[in-house]
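S.K.: One letter stands for each residue in the lines below.
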Amino acid sequence: MPEVKQTEYRGSIHQRQKELMLKWYERLNEAAETGTPPTASLMISGNCVELLEAFGAVPIYPEVNALQLAIRHQSLEPILAAEEIGYAPDNCAYVKADIGCYLKGITPTGGKLPKPDLVLCNFVGCNTYVKWFEHTAVLTGSKLYVLDVPFLCEDEPTQAAIDYVVRQLKELVTLLENITGKKFDYDRFTEAVRCSAEVEELWSQIKHLARRSPSPFDAYFDAITLMGPLYVYRATQEGVEFFRAALEEMWAKVASGQGVYDQEKFRLVIEGPPPYPYFRTFRDMFAKWKACAVASTYSTVGGLWEFGARHDPDHPFESVALHMLSQNVTNRNYLQRYEQIKRYIEEWNADGLIIHFVKSCRLFSAGQGDMRDYVTKTLGVPTLYIESDLEDPRYFAEAQTRNRIDAFFETLEHSKLTAKAV
Amino acid sequence: MRVAAGVDVGSTQTKAVVMTENGGRSILARALVDTGANVRKAAENAFVAACHNAGIAPADVGFVVGTGYGRYNISFGNAQLTEISCHARGAHFVCPTTRTVIDMGGQDAKAISVGSDGQVLDFVMNDKCAAGTGRFLANAADVMGIGLDEVGPLSLRATRAIKIATVCTVFVESDILSYLAQGKKAEDILGGVHLAIAKRTLSLARRVPLEPDITMTGGVARNVGMVHALEEVLGSRMQVSPDAHFMGAIGAAVFALEKMDQSFEFSSWRPEHAAGSGH
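Going line by line, the protein sequences match chains A and B.
288 is the number that our numbering gives to position 288 of the first sequence; each next residue is one higher, with no gaps.
647 is the number that our numbering gives to position 225 of the second sequence; each next residue is one higher, with no gaps.
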């Protein structure tokens, strides 16, 4: 029996995803060549891409560029370039890859990236974002606007916090009018918010299909494939159509009883982003054990929608503010992150939790030791804690990582076998 | 006579154990070789030597389980398991009351929470840093010009152990050179080195419940200074078997005997893993 490998989802949406991402890079290349359409750099987590859409501006996501480089094994060169000008080895590797790209003129597709018309820092949770975008603005000579989004210390944001963010969004509207030379189109904004709400509903339905056994897709590795269009096209009709097709394909897999593996042996929740420079290798380590992720916190970095939150076209500014404040994993407090994992384990019926600690991202990873304790000791659920990096290939030790993963599944398998024997 | 073997290919040394089941399970023989660059050859040499010591031919061994980092390079093995599972099972075989294993090897330090039947309940390991491992001790011994076998006993003679701040395996060398230059005594420096490793290891190990009995395994368990330092920081005694170094191989041999019994059908025991798949 050959070892299980290469099990990623390869339906028509996989191809469509590639086309959409390529199209995005082509638009950015066009902006670099001609100056139009207008562009703005912004962060994935808790962003206000709906406002950009209202002005016909295209988002540039430095995080997506960085991970695209890493997955193509091209991240070390820009990281070293950034370190050569003084960035420390333990600075965020996404930052260094992005800065290094500007220094070296590297892009994931080989095309050009435009100088953004606006560097829009939608600061949530991660204060490195602010420094990152300050540096980007200096390097590109672009205008910088930093949104101040209060961290979610309580369960829900206060009305004062929502009002505070809405005031900033309205200030941003004026800024975008000046930059693009276009009058703000409220109807177009509302339409973008409506598209987002529909995409969120479709994406949420797809994620809920992973509650079935077998799960029709891997909610970590395959979810990452779908996350590109989710972020770049969320507020567009193209995004709606993509996720309609995705949901239809997933339902077809459910109807035919098709899972990720011929026999799904383990169901996992995964916390933290993957080691992108070794994405394939990392996935194969789980495929060997026929272990399928049924939920992941990383796929909620852009938005946490599977528990019901949606953008609201009837209250566009307020709902965008609410999403920035509370409906993305990065800006949520640790107790909420615990609760999210607990719900996944219970409602998605998972056997264990994998925590991938990212060496160069202390803000997201700090506290994961306590998270491990909570899940193992309070919930009594086996948890594996592994360390490497999402972008810097130098932090990945293949033999060590494989050893931990194998040991974890040996233990899980033994527990399952002895439980059956009782 | 039913005979099985376990081969533990570690980063520094390769251990092989031959076991038999004849009413009860018992160890027939052991063998130890340096791993060196040729991992496959080291595994074969250790296995053949253990068979020789047992007075049997390799062909008489019914099942071989490989473990350790080089486990996939054991060309003659029937199956592979991680050393985490094997150390737990080996410690349980030697000391059935074991509930925690602290394993210190050449590159790894790990703590394993063990169930009453020897199964792994939870484990933690050092990550991408050799602090708290045998390599740290070996570097300290090298820079002081003292044999690795001597550093443990010498450390026990420390009267004023130096506080070693760094736990970096590389930087500790310059720290030690600096203390030597200041005229500090070798035993006090080594006392500090052992305590630094013990503290580092236990801060990691406390991530699992450190329930008694605690059994120490791995090559570093042969170092009396390290055992003493760990017990001092731990505040309790540990079980340290003369076979501590062989515990991974013993566990692998126990699994091999169980496999011959067909007690469990592990998917990890697919024979094609033994064919050198390049892992």
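Quick caveat, the hints were computed from the structure, so don't treat them as lab data.
Don't take every hint at face value.
[Said to hold, decoys possible] Interface residues of chain B toward chain A, partial, derived using beta-carbon atoms under 8 Å: (1) I506; (2) S507; (3) D544; (4) M547; (5) M566; (6) F593; (7) S596; (8) L599; (9) Y601; (10) R622; (11) S625; (12) E633.
[Claimed, not checked] Just some of the chain A residues that point at chain B, by a computed CB distance under 8 Å: (13) S204; (14) S365; (15) G367; (16) Q368; (17) G369; (18) D370; (19) G380; (20) N403; (21) E410; (22) K416.
Model, not experiment: these values are computed from the prediction.
From the three backbone atoms N, C-alpha and C, an ideal C-beta is built for every residue, glycine too.
S.K.: If a hint holds in the structure, say so; if it doesn't, say that too.
M.R.: How the hints compare with the structure:
1. I506: holds, 4 Å
2. S507: holds, 5 Å
3. D544: For D544(B), the interface hint holds, since the closest Cβ of chain A sits about 6 Å away, which is under 8 Å.
4. M547: holds, 7 Å
5. M566: Violated, about 29 Å.
6. F593: With a minimum Cβ separation of about 15 Å from chain A (threshold 8 Å), the hint on F593(B) is violated.
7. S596: violated, 19 Å
8. L599: violated, 25 Å
9. Y601: violated, 28 Å
10. R622: R622(B) check fails; min Cβ-Cβ to chain A is 15 Å, beyond 8 Å.
11. S625: At about 11 Å, which exceeds the 8 Å cut-off, the nearest Cβ of chain A leaves the hint on S625(B) violated.
12. E633: violated, 13 Å
13. S204: violated, 33 Å
14. S365: violated, 12 Å
15. G367: Where the cut-off is 8 Å and the nearest Cβ of chain B is about 14 Å from G367(A), the hint is violated.
16. Q368: For Q368(A), the interface hint is violated, since the closest Cβ of chain B sits about 12 Å away, which is over 8 Å.
17. G369: Check passed: Cβ of G369(A) comes within 7 Å of chain B, closer than 8 Å.
18. D370: violated, 10 Å
19. G380: violated, 10 Å
20. N403: Status holds, d = 6 Å.
21. E410: holds, 5 Å
22. K416: violated, 10 Å
Consistency note: the structure conflicts with the earlier hints numbered 5, 6, 7, 8, 9, 10, 11, 12, 13, 14, 15, 16, 18, 19 and 22.
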